[in-house]
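Model the full assembly from the supplied sequences, consistent with the hints where possible.
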Amino acid sequence: MVGQDGHRAKGRLPSQMRPLLCERSVLSRADGSAKWAQEGSAVLAAVHGPHQAGQRREDAERAVIEVLVKPRNGLAGPAEREAEEMLRQLLEQVLLTAHHPRTLILVVVQVLQADGSLLAVAINAVAAALADAGLPMRSMFAGVCCAFGADGTLVIDPDAAEEAAAGSVITAAFPCSHTLTQQHGSSSSSAAVPALSLPEASLLLHCKGRLGAPQLASGLEGCRRGCQGVAKFVALALTNSFKDAMVKSSDPAV
Amino acid sequence: MSVVVRSFEAGSNLKLISKTSKAVAKSTPDSAYVCVGDTIDTEEPEFLKGHGTALVDGRLLATLCGVVQRIDKLIYVQPVKSRYTPEVGDVVVGRVTEIAGKRWKVDLNSRQEAGLLISAVNLPGGVQRRRNAVDELNMRSMFREGDLISAEVQGKNQDGGIQLHTRSVKFGKLSGGQLVVVQPKLVRKQRFHFTTLQGLDVDVIAGLNGLIWVSPHIPRGEDGAPLQQQQQAAAPAAAEQQQPSTVAAAAGGNPAAIAAAAAAAGGPSKQQREAVVRVAGAIRALAALMLQVYPDSIVEAYTASIEAGVAVSDMSERRFLEVLAQREVARRRREAVHAADG
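If you're matching them up, the sequences are chains E and W in order.
If you count by this note's numbering, then the first sequence holds residues 1 to 254, one letter each, in order.
If you count by this note's numbering, then the second sequence holds residues 255 to 596, one letter each, in order.
Hints are computed from structural coordinates only; laboratory data are not their basis.
All values reported here derive from a predicted model rather than from experimental measurement.
One should not assume that every hint holds.
As the list claims (entries may be wrong) - Derived Cβ-Cβ restraints for the label pairs, each shown as a range:
hint	chain 1	residue 1	chain 2	residue 2	range
1	E	Lys-70	W	Ser-422	42 to 50 Å
2	E	Lys-70	W	Val-259	26 to 34 Å
3	W	Glu-341	E	Ala-164	37 to 45 Å
4	E	Gln-113	W	Glu-390	39 to 47 Å
5	E	Leu-96	W	Ala-590	34 to 42 Å
6	E	Glu-221	W	Glu-352	50 to 58 Å
7	E	Gly-6	W	Val-259	50 to 58 Å
8	W	Glu-390	E	Glu-200	55 to 63 Å
9	W	Arg-421	E	Leu-96	33 to 41 Å
10	W	Arg-260	E	Ala-164	40 to 48 Å
Claimed, not checked - If the Cβ cut is set under 10 Å, some of the chain E residues that face chain W in the computed set are:
hint	residue
11	Gly-11
12	Pro-101
13	His-178
No residue lacks a Cβ here, since even glycine has one placed at the ideal position from N, Cα and C.
And the structure:
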């Protein structure tokens, strides 16, 4: 995985993530959609809702969340079911479901390209799609995957080859938010990003393989640092794209 | 039949829209844009938190991505996209999905389905009485599953469920026209949601949930009830026309039955049909450019399409959208000048 000079494939450093790409509002018929790619891995997430839940499924006090994960080829199997359950539990913590009782929020995740870190890419795609749909959330969230090689070195955002060669793989998602540190009026232009805060507690933790306790701790810390980078990107990308959208859609009052 | 193939340019509409919006400068400061979880700066210690905000640990957090709006002491976040949220008194167009107990379930493209109680509709013949079991069994003869109806929002439940009513002669089943679905925010509250476009003989019902109904003009009396002229004209005609006219008599002026009678009498003319389709195309073009849909803007887009010589099937093409975008830029510039003067 990590070569002699400390570099991975394509000259990546162990703590370096692949280039991030986020495209918002890709599907016209979904309430919210986003395509998220980390170089070789790409996932398309769509959010439908909140809309009417059937009588069997509706909950009188909160919205019901349903997640569907579709693999790149073939039918969904046990791995997809596991990913669906993890995403659903993550969303239960983040979405303000009490705002829309008796409704159903359907999240569909379609894997477009698979090259490692798929669960993390899916988490990021779902976060962007939920922001696009305008569903009320407690905070934004970001997900990062890391892997431990046979020799114990930690690499962030592994690709498929590195995941296959790894002794263990950890995926973690953290909530992220920006707190204002400047007074209103003296704040500078859009170049200034308010202070980013990431709590210690993760929203989702998925481990594969054999791990010792110190390894788990260092893996979590590595994921957390990676999530900070993703959160910065998401804030900039979404804010810029929403600025464009709001300018286009607002109109002088008639 | 000729086939036209054109390449799909992703985002081409967006480029047109941003050209239109940048023609007149907007004044939203960058600091007003928030993402989920961001802290909103509350200048005053007293404020009312509105939609899209939450008070956590003494800080006001945004729960949506969008623009922070402040009106007096109210602070709320306006998102880019959201589903139609009904308010009491809104005129809406919806499709009946189910008949359940003493109500019809109507789909409004909102977060929940709306209910139309049998006690909230006018019985055929305009009779006022308690609804009995026979009325309940005859519900399907009034509105079936799949019918399109216009109604008004009567009330909202605590859990967000919506109650509709069609307690006016102008509401009811819609037939003999075309439905155009646009984003709900493009239809704002107007003085009249039932309008007849000037000189075009076309009726437009603009539902605030984004469903817009376009149909040939139905002459209405002063109270909004459709006039019964076609019924009298059709009655002495051939046998197959007797059925719609008796249905019209039984339904007491139901617009659908009037349309059925008109259809039996030969239907709307070719010019009327083309006018209806062209108006629908104008509405779709306005929606593609995310412009507000109201009677004046529809008529402007219609006349623009006639002046530019655009065929009805080409109204969603880029060429006509550019024409519309240019007219919108000119209109906004004029308005900016008026605002500066006045």
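Checked hints:
Between E:Lys-70 and W:Ser-422, the C-beta spacing of about 47 Å keeps the proposed range 42 to 50 Å intact. Hint check: E:Lys-70 to W:Val-259, Cβ distance near 30 Å, so the stated range 26 to 34 Å holds. A beta carbon spacing of about 56 Å between W:Glu-341 and E:Ala-164 contradicts the range 37 to 45 Å that was offered as a hint. In this structure the hint that E:Gln-113 and W:Glu-390 lie 39 to 47 Å apart at CB is violated, the actual value being about 56 Å.
Roughly 39 Å separates the CB atoms of E:Leu-96 and W:Ala-590, a value that falls within the hinted 34 to 42 Å. Restraint check, E:Glu-221 to W:Glu-352: a C-beta distance of roughly 53 Å satisfies the suggested window 50 to 58 Å. Against the hinted window of 50 to 58 Å, the Cβ-Cβ separation of E:Gly-6 and W:Val-259 comes to about 53 Å, which satisfies the hint. In this structure the supplied range 55 to 63 Å holds for W:Glu-390 paired with E:Glu-200, their Cβ-Cβ distance being about 60 Å.
Under the hint 33 to 41 Å, the C-beta atoms of W:Arg-421 and E:Leu-96, about 36 Å apart, fit the expected range. Distance hint for W:Arg-260 and E:Ala-164: a CB-CB separation of about 44 Å, consistent with the stated range 40 to 48 Å. At about 32 Å, the closest approach between the beta carbon of E:Gly-11 and any beta carbon in chain W exceeds 10 Å, and the interface hint on this residue is violated. Nearest Cβ of chain W to the Cβ of E:Pro-101: about 5 Å, under the 10 Å cut. The hint holds.
For the restraint placing E:His-178 at the interface with chain W, the shortest Cβ-Cβ distance is roughly 5 Å, inside the 10 Å limit, so the hint holds.
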